[in-house]
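With the hints as extra help, turn the sequences into a complete structure.
So the sequence lines, in the order shown, correspond to chains A and B. All the letters of the first sequence, read from the start, carry residue numbers 1 to 418 under the UniProt record's numbering. All the letters of the second sequence, read from the start, carry residue numbers 1 to 706 under the UniProt record's numbering.
By construction, these hints were calculated from the structure, which means they are not laboratory data. A few of these clues could be false.
Anything over 12 Å on all C-beta distances counts as not near chain B; from chain A, calculated [to be verified]:
(1) 63
(2) 88
(3) 217
(4) 229
(5) 260
(6) 321
(7) 344
(8) 357
(9) 369
(10) 392
(11) 404
(12) 405
Taking lysine-lysine and the DSSO-like style, the derived pairs with C-alpha atoms no more than 30 Å apart in a straight line are [as the list claims (entries may be wrong)]:
(13) 579(B) to 210(A)
(14) 210(A) to 568(B)
(15) 210(A) to 572(B)
(16) 100(A) to 682(B)
Bear in mind the structure is a predicted one, so any value in this text is a computation, not a measurement. We put the beta carbon where it would ideally sit given N, CA and C, even for glycine.
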Amino acid sequence: MEVNPPKQEHLLALKVMRLTKPTLFTNIPVTCEEKDLPGDLFNQLMRDDPSTVNGAEVLMLGEMLTLPQNFGNIFLGETFSSYISVHNDSNQVVKDILVKADLQTSSQRLNLSASNAAVAELKPDCCIDDVIHHEVKEIGTHILVCAVSYTTQAGEKMYFRKFFKFQVLKPLDVKTKFYNAESDLSSVTDEVFLEAQIQNITTSPMFMEKVSLEPSIMYNVTELNSVSQAGECVSTFRSRAYLQPMDTRQYLYCLKPKKEFAEKAGIIKGVTVIGKLDIVWKTNLGERGRLQTSQLQRMAPGYGDVRLSLEAIPDTVNLEEPFHITCKITNCSSERTMDLVLEMCNTNSIHWCGISGRQLGKLHPSSSLCLALTLLSSVQGLQSVSGLRLTDTFLKRTYEYDDIAQVCVVSSAIKVES
Amino acid sequence: MEDARGGEETPAPQAPHLPPLAPAEEQGLLFQEETIDLGGDEFGSEENESASEDSTPLVDKLNEHMMESVLISDSPNNSEGDVGDLGQVREEAEPRGEGDSGPEPAGTPSPTSEADGDCAPGDAGEDEAVAPGSGGAPRQDAAPETPGSEAEAAHPEQTPPAADPVPVCTIFSQRAPPAPGDGFEPQMVKSPSFGGTSEAPARTPPQAVQPSPSLSTFFGDAAASHSLASDFFDSFTTSAFVSVSNPSAGSPTPASPPPLAVPGTEGRPEPVATRGPQAAAPPVSPEPFAHIQAVFAGSDDPFATALSMSEMDRRNDAWLPGEATRGVLRAVAAQQRGAVFVDKEKLTMPGLRFDNIQGDAVKDLMLRFLGEKAAAKRQVLNASSVEPSFVGLKQLILWFVRLALLVKLGLFQNAEMEFEPFGNLDQPDLYYEYYPHVYPGRRGSMVPFSMRILHAELQQYLGNPQESLDRLHRVKTVCSKILANLEQGLAEDGGTSSVTPEGRQASIRLWRSRLGRVMYSMANCLLLMKDYVLAVEAYHSVITYYPEQQPQLLSGIGRIALQIGDIKTAEKYFQDVEKVTQKSGGLQGKITVLMNRAFLYLGQNNFAEAHRFFTEILRMDPANAVANNNAAVCLLYLGKLKDSLRQLEAMVQQDPRHYLHESVLFNLTTMYELESSRSMQKKQSLLEAVASKEGDSFNTQCLKLA
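Now the structure itself:
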């Protein structure tokens with residue numbers, strides 16, 4: 001049987017087996033009815049088969065556990081477990097056995113052995129067993145290096161090593177998208193919505209146990225992935241709690257700046273750190289994996305130096321009847337006091353009432369003023385409020401504000417519900 | 001890695017971007033992108049190096065020793081549960097192969113690719129034997145029983161039998177088929193007796209098949225060389241046997257088929273698109289059956305008694321034929337004296353496709369590893385050990401039994417090929433009404449209900465679960481309709497009936513249970529398709545048909561949830577089981593509850609507690625094979641290989657007949673491989689044990705000897 005003679009005879013043999021979770025045995029039910037020719041024969045056979053479920057033999061998924069059948073795949077964030085067995089194949093007692101298991105990754109080398117103490121002696125046909133665990137934190141090639149040293153009866157010091165290589169793959173694909181909600185009309189300000197698409201790029205179904213957003217210090221987060229039903233919180237994914245291979249699921253989160261950051265509008269500006277996604281999943285028989293994304297970042301919408309936002313506007317107005325809106329103008333610059341002039345330009349449908357080009361007076365940094373304006377629409381339908389211009393007289397710079405909001409314009413014959 | 005760099009990046013706010021993933025915790029550690037340096041220094045730091053290493057650079061050394069870490073060839077699971085989907089198995093084998101050879105420099109020969117046979121301790125490369133040598137072997141190779149090679153086996157699939165002169169392309173060009181969408185492959189048009197349905201082409205060549213004799217060998221001119229088994233079957237074919245299938249098949253004895261007149265076209269069904277011009281073949285009349293009936297007359301043989309219609313028969317054989325078939329059957333009924341012209345293609349022409357298909361894999365292994373003397377002791381039944389008399393006939397006569405056995409043996413391709421002539425099991429000649437002379441007054445399907453189930457289920461094992469589902473839905477539709485008829489006070493087939501209330505109740509019970517059986521198959525099929533949500537729904541509906549199986553089914557659903565990784569849902573189902581069994585009590589209920597708890601602990605990665613519960617079951621039911629095996633499996637995960645082995649071995653020795661199950665053997669051989677370099681001897685002794693206990697349906701792969 002020996003084809004390649006070993007370079008050196010070793011008294012000990014090292015065996016390694018990856019311990020993924022066991023699987024449940026499935027059987028193939030073949031049944032017949034009593035009236036059929038085999039009578040009860042097939043059914044009896046199935047009852048006698050220990051792998052079928054007692055009393056429900058047709059149920060394919062049995063209860064018998066079988067050991068893993070191959071190395072399988074291992075994914076980032078999962079735990080690599082392995083059985084290491086050193087067996088004395090010889091007929092002599094071997095002394096001072098030291099078994100060392102290291103994991104070499106592209107960046108580091110970790111010792112995984114439970115104990116680094118030598119075993120004093122190993123009798124023939126006995127084993128040294130170790131089960132190692134390691135949460136995989138890197139993608140790419142990993143090499144499990146197992147080294148065994150021992151002393152023979154003759155006092156000769158022996159040593160051998162074995163290498164087991166495996167690839168760690170990426171289990172998930174995560175994509176994110178931010179939406180800014182400028183909802184100054186309500187009491188909330190500067191909400192940010194995060195859409196996160198998570199795709200299972202493994203080959204087995206994956207149960208998403210937890211997908212949460214850990215917000216950065218500036219934000220509070222509300223998860224929008226469940227609905228309240230009869231007082232109970234039900235996931236929007238219902239019974240589809242798992243992701244099939246290549247399935248993508250979208251999660252939605254709403255982030256609100258905390259009070260202390262929200263009030264000073266200037267603080268959340270430019271690139272800000274939103275937080276990170278924390279994902280825990282499980283696969284076969286509870287095999288667990290966990291990953292976090294890096295900090296998600298978002299470019300805060302640029303408001304420029306002067307921000308114009310709406311405080312109040314009716315949703316429905318009558319055609320050709322004046323209505324009022326309230327604007328808020330904020331000086332967002334850090335140290336410059338502004339002297340602003342307001343111009344109002346009519347559009348096809350929107351007509352401003354009052355004087356265009358009026359002075360608004362001095363506006364200090366980070367302060368704001370409220371402005372009541374009157375306008376009317378000459379066209380029915382959903383109309384965009386546009387045409388406000390603010391000019392900073394000091395810098396001679398003009399800021400344009402179009403499509404600030406929309407109103408529904410209806411014929412005055414229809415009574416507007418107030 | 002990436003995350004550190006992320007700090008400087010300024011991603012566009014609105015565009016979707018792809019945040020790099022980093023493992024939980026330790027984010028800072030990972031961004032050094034150094035490549036591994038396996039050369040000198042790092043490894044050289046170890047002391048005893050010189051003992052076994054020479055001075056070649058370590059990188060080479062590493063490659064030389066590089067191996068896939070773990071283990072294990074195909075499992076019984078693979079071959080049982082998923083075997084139909086060979087494509088899948090192949091897929092699995094592929095990446096393994098890549099991992100094995102990919103990273104090695106092309107020039108480096110891998111040290112030992114030899115199989116597990118080495119017994120020498122300390123062989124430098126022997127651990128490799130544990131790994132891909134056996135693991136990578138695709139399933140097809142592993143069927144040692146086949147004399148025919150794969151190429152040979154594939155042959156009959158591709159070349160149309162000589163009897164079929166139809167070139168494939170003419171079929172398409174001439175007929176312009178109303179394509180049913182599922183790609184026509186040349187292979188489909190192979191058999192002159194092709195059924196009616198759109199049989200999905202076999203994805204893989206039949207694994208263990210001798211070149212298929214063309215049907216004409218059986219049904220046409222007297223062929224020169226019949227082998228033993230086909231002779232045997234032919235002897236039935238000419239007698240009673242055929243009465244269950246097809247008169248045309250049964251009449252090769254008259255040198256030429258009776259010339260059939262009468263173009264009664266009203267009953268003539270539309271030829272199916274995939275059919276070749278050989279539809280011109282002479283059609284068949286039920287006439288020749290008169291003499292068969294005479295043979296049976298007055299005998300107390302069960303087959304003779306089966307000829308008269310009883311209430312039982314009506315109940316069991318009821319079936320609702322398809323539109324076209326119904327037309328033919330009506331025509332037959334109207335024209336008493338035979339002579340309805342039926343397209344031959346619409347009829348069933350079953351035939352044996354294989355002689356001695358499967359050999360005896362256990363014996364082959366024994367020959368290889370234990371020598372001829374040991375192998376001679378091995379005895380299995382084969383066709384020649386069944387007397388060609390009525391006694392033998394009863395054992396083998398029905399196609400259903402043969403097909404069921406083929407499925408049981410895992411010979412799915414073979415079963416499919418033999419099923420093929422039956423089409424969708426709706427040809428007119430599969431109904432009693434087609435033979436008014438042989439079965440006067442008898443109505444209904446000659447195809448047993450179980451055969452319809454088998455016919456549907458088979459496809460999922462061949463990797464076409466969707467076809468399975470389609471067929472099961474058709475069966476379900478008929479079952480539901482029959483039930484509806486019964487509940488409306490009609491007979492099964494929708495006619496008015498004079499059935500007693502008791503008879504009706506019995507019939508309703510029967511058809512409800514059949515409907516439940518179909519739902520069961522659907523649930524199993526959906527499970528195989530990994531459509532867990534639908535599978536769970538289907539199992540729930542099975543409960544309404546088989547309420548007595550509620551604890552087992554709820555537990556099964558819980559295990560499905562566990563398989564997905566949904567521990568919470570599993571727990572919920574297991575709690576439901578506890579509520580249900582509390583009412584009923586009994587040992588079986590207690591065992592189910594304990595088993596579920598053990599599984600729940602497994603799902604929580606707590607092997608110690610799981611082991612405790614499996615052991616608890618053994619205290620109540622020491623012969624419980626599942627608990628025994630599962631407790632042993634837990635021990636392995638707890639690092640107690642020797643204890644685990646002891647438990648499994650003790651169990652197998654205690655009652656080999658009961659415990660020598662594939663799954664147990666698979667676990668045992670896996671552990672032998674892990675335990676020592678002498679696993680070969682131990683496996684061979686297992687083989688000896690298997691040889692004396694198991695039939696030829698035994699899946700030898702679980703011994704991992706090949």
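Verification of the supplied hints:
1. 63: violated (5 Å)
2. 88: Residue 88(A) is in fact no farther than 12 Å from some Cβ atom of chain B, at 8 Å.
3. 217: holds (16 Å)
4. 229: holds (17 Å)
5. 260: holds (23 Å)
6. 321: Since the minimum Cβ distance to chain B is about 37 Å, residue 321(A) lies beyond 12 Å and the statement holds.
7. 344: holds (30 Å)
8. 357: Correct as stated: the minimum Cβ-Cβ distance to chain B is 35 Å, above 12 Å.
9. 369: holds (28 Å)
10. 392: holds (26 Å)
11. 404: holds (20 Å)
12. 405: Fine: 21 Å to the nearest Cβ keeps residue 405(A) off the interface.
13. 579(B) to 210(A): holds (29 Å)
14. 210(A) to 568(B): The hint holds at about 12 Å.
15. 210(A) to 572(B): holds (18 Å)
16. 100(A) to 682(B): Holds. Residue 100(A) to residue 682(B) sits at ~28 Å (cutoff 30 Å).
Figure legend: structure checked against the earlier numbered hints; hints not met, in rising order: 1, 2.
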